[in-house]
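Participant: For reference, the chains in residue letters:
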Amino acid sequence: MRRSVPARLTWLVMIAILVVAGGVALAADTPRKGGVIRVGNLGEPPSLDAHWTTASITETLTNHIYEGLYSLDNSNKPIPMLAEGVTISKDGLVYTFKLRQGVKFHNGKEMTSEDVVASLARWGKQSVYGKALFAQVADWKALDKYTVEMKLKEKSAIVLISLAVPNNFGAIYPKEIAEKSPPEQKVTEYIGTGPFKLAEWKPDQYIRMVRFDEYKSRNEKPNGYGGGKTAYVDEIRWIPVPEVATRVAQVETGELDFADDLNLDAYDRLKTNASARAIVSKPYYWLVAVMNKKEGLMTNQKLRQAWQAAIDIEPIMKNVAGGKPEFYRMDSSLAPVEIAAWHTNLQGLPWNEHNRDKAKRLLQEAGYKKEPIRFMTTQEYKWMYDFALLTKQQLEDIGFAIDLQVVDWATLVKRRNNPKEYDVFTTGIGAFYDPTHAVFLTPSWPGWTTDEDIQRIQSELARETDPKKRMALWEQQTRQFYEKVPVIRYGDLFGLRAARTTVRDFNEKTERVRFYNVWLEK
Amino acid sequence: MGSYLVRRLLAVLPVMAVVATVVFLLIHLIPGDPVSVMLGPDATPTQIEATRQALGLNRPLWEQLVGFYGRVLTGDLGQSYFLDRPVSRALWERAEPTLVLMLCALGVAVAIGVPSGTIAAAHRGSAWDRGLMTVSLLGVCIPGFWLSLNFIYFFAVRLGWLPAAGYVSIFSDPVAALRYMVLPAFSLGFSQSALIARISRSCMLEVLQQDYIRTARAKGLSQGTVTWVHAFRNALVPVVTVIGITTAVLIGGAVVTEIVFNIPGLGRLIISAILRRDYPVVQGVVLVIAASYVLINLGVDILYALIDPRIRYD
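Sequences listed follow chains A and B, in order. Using my numbering, read the first sequence as starting at 3 and increasing by one per residue. Using my numbering, read the second sequence as starting at 61 and increasing by one per residue.
Because the hints were derived from the structure by calculation, they are not lab data. Note that the structure is a prediction, hence the values are computed from the model and not measured. We put the beta carbon where it would ideally sit given N, CA and C, even for glycine. Errors might be hidden in some of the hints.
FRET-style restraints, in silico, Cβ to Cβ [said to hold, decoys possible]: (1) A/277 with B/105: 39 to 49 Å; (2) B/109 with A/106: 37 to 47 Å; (3) A/77 with B/86: 31 to 41 Å; (4) A/503 with B/203: 43 to 53 Å; (5) B/119 with A/141: 35 to 45 Å; (6) A/89 with B/131: 31 to 41 Å; (7) A/282 with B/200: 38 to 48 Å.
Stretch by stretch, here's where chain A covers chain B in the computed footprint (C-beta under 8 Å, at least three residues) [to be verified]: (8) 102–115; (9) 161–173; (10) 231–244; (11) 256–263; (12) 316–324.
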């Protein structure tokens with residue numbers, strides 16, 4: 003059947019409209035270069051030396067300036083960044099890294115093996131993760147301009163993941179800078195290979211990072227923290243805004259394009275704003291009460307078990323999350339769901355039992371006579387104070403005596419290093435990407451987990467390279483954890499961020515924010 | 061007058077010595093540690109010890125105090141642990157925002173306080189008097205942060221007339237700088253104006269009872285001339301004292317305003333320095349604030365003599 007002329011005309015017009023509309027839609031979704039993204043964060047970094055501190059603000063900022071040999075993909079597994087790849091000898095003792103060629107530092111110099119050797123040697127003396135790795139390293143040297151070799155004392159499972167962690171990370175600096183500052187002193191020049199270079203740092207006003215035009219991106223697509231990186235925005239301006247209510251208001255007015263670490267009560271207000279978007283950030287922290295296992299009352303395992311048996315976690319989490327179910331999750335796995343490789347689904351763990359009889363029995367067996375337990379927390383992080391307060395109420399209900407000591411953060415982090423000054427303290431456990439990086443299972447971190455069985459499994463985990471066997475060990479460790487109770491695991495808490503709707507292609511899946519590959523709509 | 065000035069300036073030295081010692085001891089004796097803060101939550105005690113050693117924080121307190129005196133006497137306030145720069149530079153960078161905020165807020169406080177106090181006194185017992193004094197009572201009562209947050213909500217978020225927070229240097233863009241200053245200057249100036257209004261009113265009332273005011277009125281001068289020409293200058297001395305105190309308060313006490321409106325001034329610096337235990341910065345800021353108190357007081361004393369020729373310093 004032949005169509006009439008008017009009908010064909012209608013078709014033509016409709017197709018034309020579709021093509022034009024599609025083009026416009028496509029244009030609106032095509033990343034464009036340009037603009038300044040203004041990001042409100044809560045304060046000043048103690049340094050822009052990635053090797054030097056574990057502070058999360060330093061982690062966020064420095065990952066835009068520097069890169070390491072490895073990075074994390076979207077399933078939080080190591081992928082090469084400045085390394086082209088690695089060959090591992092049959093006995094597993096020699097790692098030979100090939101470096102990418104033609105990668106430039108912000109000062110114009112090409113990155114070569116001597117920079118890598120000097121930087122990681124420094125990192126290995128100062129960083130938490132670097133020290134753990136370099137304790138196993140027998141020899142670390144350059145073979146030629148683009149090849150470095152790491153010889154190990156024994157087989158290790160943590161080489162690549164340690165080089166990939168974003169916190170306190172193995173950033174590659176030019177050799178001259180890495181060798182100039184001893185590890186315990188901060189570097190004072192900030193030169194990396196990253197997609198942004200530091201342009202200006204005015205404390206309490208802003209940190210300006212501008213696009214590094216000679217950045218050599220990997221060819222892969224963006225993948226987690228790694229893969230290809232493109233600096234679409236001309237500049238990232240990090241603006242410290244210590245007052246959280248002001249951070250929210252400035253996103254609402256458009257003075258900021260992005261704000262991190264907001265109070266959860268801003269969620270409803272943001273949802274009603276047409277030009278801003280609320281982002282739930284996960285993983286954030288699981289809440290934790292860390293027990294002092296070196297001295298004092300909590301060296302008594304029964305007492306720790308009583309605490310674990312007593313608490314009713316859901317009402318605590320609900321309260322801390324301001325009654326919003328979007329912001330907490332009940333989970334007993336030591337690694338959060340987002341770290342899929344290490345998330346466990348074990349049944350029958352004594353987590354969230356809120357079993358009063360069991361708790362009372364354990365108290366009796368512990369020989370506890372209502373001695374006050376010094377529980378240290380801070381109001382600087384509201385969620386810490388809230389969960390400590392609710393815990394105190396629940397525990398006192400079944401016969402504990404809790405001496406809640408509310409101090410400022412600077413006092414808490416000082417006192418927790420001294421086993422004489424406390425029994426329990428609050429903090430949060432953020433993402434860790436390998437079981438050996440779980441600080442609360444180490445004997446060196448405050449609280450001092452020295453339990454022999456836990457330490458034995460930790461060292462096996464560090465040596466074992468077969469992924470299946472490692473997972474089995476990790477499950478065994480999780481069961482040990484709930485029996486020995488080095489710390490008390492509460493629920494997962496999520497954070498809140500806000501972005502203007504003009505901020506595009508922001509990766510919501512990573513623990514900390516990244517602004518490469520992000521572009522601004524006009 | 062010259063010898064008086066020299067005596068007063070010499071008296072500054074013991075005051076500053078006491079302030080320096082007290083602030084040093086106070087900040088060092090409260091618990092907390094800059095290194096534990098700087099190295100972040102996952103740092104181990106061994107790492108923290110090594111860095112404390114490198115910063116000289118493990119030396120005995122008296123040794124650190126002697127070192128501090130030595131440096132201060134040579135005009136060196138030390139190096140900030142956190143900011144990687146000399147304290148004097150950190151202070152200098154934050155002096156401009158604090159001074160601009162202080163001048164604007166003081167302008168607002170005086171522009172509201174003095175006329176409303178004077179008008180209230182001149183119309184004692186009238187609706188004007190009651191109205192103005194109620195407003196000034198509100199100014200004293202309303203907490204600064206509450207007023208500031210509401211200003212932001214209404215004028216920036218709802219109406220979009222002014223920026224919510226931030227700071228632009230007056231030297232780089234004077235118009236934008238003023239726009240950013242309006243909300244903080246009003247929220248700070250309003251509460252400070254209350255005290256000035258109340259003092260102006262009571263001084264004015266006292267002066268208006270004087271015989272020479274009755275004489276002026278008897279001569280047939282208008283109410284305005286009597287109030288502003290004959291009474292006003294005589295009521296000024298206590299008002300200048302209050303303005304002087306307000307100025308000093310604004311230099312060190314605009315902490316809340318600076319934080320809420322994100323103004324990078326001395327108030328914000330000292331709060332963050334205390335939270336991080338950045339000892340040299342805390343000491344430096346307190347010394348500067350103490351010095352400005354002393355000097356402003358001296359300035360006020362000199363102003364007395366200019367306002368009231370009966371006051372002489374010999």
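Participant: Run every hint past the structure and note whether it holds.
Facilitator: Taking the hints in turn, this is what the structure says about them:
1. Between residue 277 of chain A and residue 105 of chain B, the C-beta spacing of about 47 Å keeps the proposed range 39 to 49 Å intact.
2. Between residue 109 of chain B and residue 106 of chain A, the C-beta spacing of about 38 Å keeps the proposed range 37 to 47 Å intact.
3. For residue 77 of chain A and residue 86 of chain B, the hinted distance range of 31 to 41 Å is not satisfied, since their beta carbons lie about 51 Å from each other.
4. Checked against the hint of 43 to 53 Å, the pair residue 503 of chain A and residue 203 of chain B fails, with Cβ atoms roughly 34 Å apart.
5. Checking the proposed 35 to 45 Å range against residue 119 of chain B and residue 141 of chain A shows it holds: the Cβ atoms sit about 38 Å from each other.
6. Distance hint for residue 89 of chain A and residue 131 of chain B: a CB-CB separation of about 55 Å, inconsistent with the stated range 31 to 41 Å.
7. Under the hint 38 to 48 Å, the C-beta atoms of residue 282 of chain A and residue 200 of chain B, about 42 Å apart, fit the expected range.
8. Three residues within the 8 Å Cβ limit are the bar, and the stretch 102–115 of chain B against chain A gives 11, so the coverage statement holds.
9. With a cut-off of 8 Å between beta carbons, the stretch 161–173 of chain B has 0 residues touching chain A; three or more are needed, and the interface restraint is violated.
10. Here's how the stretch 231–244 of chain B fares: 0 of its residues keep a CB closer than 8 Å to some CB of chain A, so the rule of at least three is not met and the hint is violated.
11. Counting residues of the stretch 256–263 of chain B whose CB falls under 8 Å from any CB of chain A gives 0; the rule of at least 3 is not met.
12. By the rule of at least three residues with a Cβ nearer than 8 Å to a Cβ of chain A, the coverage given for the stretch 316–324 of chain B holds, with 5 such residues.
Comparing the model with each earlier hint shows violations of hints 3, 4, 6, 9, 10 and 11; every other hint is respected.
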